[in-house]
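**Student:** Here is what each chain is made of, one letter per residue.
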Amino acid sequence: KAGVTQTPRYLIKTRGQQVTLSCSPISGHRSVSWYQQTPGQGLQFLFEYFSETQRNKGNFPGRFSGRQFSNSRSEMNVSTLELGDSALYLCASSVGGADTQYFGPGTRLTVL
Amino acid sequence: QKEVEQDPGPLSVPEGAIVSLNCTYSNSAFQYFMWYRQYSRKGPELLMYTYSSGNKEDGRFTAQVDKSSKYISLFIRDSQPSDSATYLCAMSGRGSTLGRLYFGRGTQLTVWP
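From first to last, the protein sequence lines are chains A and B. Those letters in the first sequence? Residues 16 to 127, per this note's numbering, in order. Those letters in the second sequence? Residues 2 to 114, per this note's numbering, in order.
Keep in mind that the hints were calculated from the coordinates and are not lab data. Misleading hints may appear alongside valid ones.
DSBU-like cross-link-like pairs, simulated, lysine-lysine; straight-line CA separation at most 35 angstroms [claimed, not checked]: (1) B:Lys-68 <-> A:Lys-16; (2) B:Lys-3 <-> B:Lys-68; (3) A:Lys-72 <-> B:Lys-68; (4) A:Lys-72 <-> B:Lys-3.
Rough simulated footprint, nothing fancy, chain A against chain B, three-plus residues with beta-carbon under 8 angstroms [said to hold, decoys possible]: (5) 23-37; (6) 45-58; (7) 98-110.
For glycine and all other residues, C-beta sits at the position ideal for the given N, C-alpha and C.
Taking the hints into account, I'd like the entire structure generated from these sequences.
**Tutor:** What follows is the structure, given as structure tokens:
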């Protein structure tokens, strides 16, 4: 089975711009979770989607949003980028959300 | 207090050593316990998955969970230079934590030849 894929792998944006990241889960997985990883804060949970519905949300501002499509693929969007949004953004998929999560390689976002 | 505490290290050991990595947690609702390995500039890779208390062995890796003490461990036997990476403990439960993993900060391990 193919693993979790994320596109693009690298992004460079400037402050104030917006960005959309994409995640394709493992075939048969219906839950997709998103995390932000920084050296200072470690891995922090953004949100989780299951069957196109957001079931859980972390403590991030409304500039961070996401969605899931009927084929379980997911996107996350960050609007009005700030320097502090520079991070590795990881998505993980699982069958139902309560079981093992498998991570993609991440999208490294740099905000200048 | 963070929900999951993990000593960030760094930890440096010679090849062949036994490595012990540990995490403590505060949320008694956690039922699923995982260890991930992350190489530099890569996504976390699942190493071990344990449900509730007990031990689980997979090759050179052994995971232990003690729910009464809220303490989990990962042991690596006969460590190899290829084991050099950051090790992250993670845990989750059901209900309000569904779909969300709570991570430790990660322990950076270096195994030198």
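**Student:** Hints first: check each against the structure and report whether it holds.
**Tutor:** So, going through the hints one by one against the coordinates:
1. B:Lys-68 <-> A:Lys-16: holds, 34 angstroms
2. B:Lys-3 <-> B:Lys-68: With Cα atoms ~17 angstroms apart, Lys-3 of chain B and Lys-68 of chain B stay inside 35 angstroms; holds.
3. A:Lys-72 <-> B:Lys-68: holds, 26 angstroms
4. A:Lys-72 <-> B:Lys-3: holds, 18 angstroms
5. 23-37: Held - the region 23-37 of chain B has 3 residues with a Cβ nearer than 8 angstroms to chain A, which meets the minimum of three.
6. 45-58: Holds: 4 residues of the region 45-58 of chain B have a Cβ under 8 angstroms from chain A.
7. 98-110: holds (count 10)
Hint check: no violations occur; every hint is consistent with the structure.
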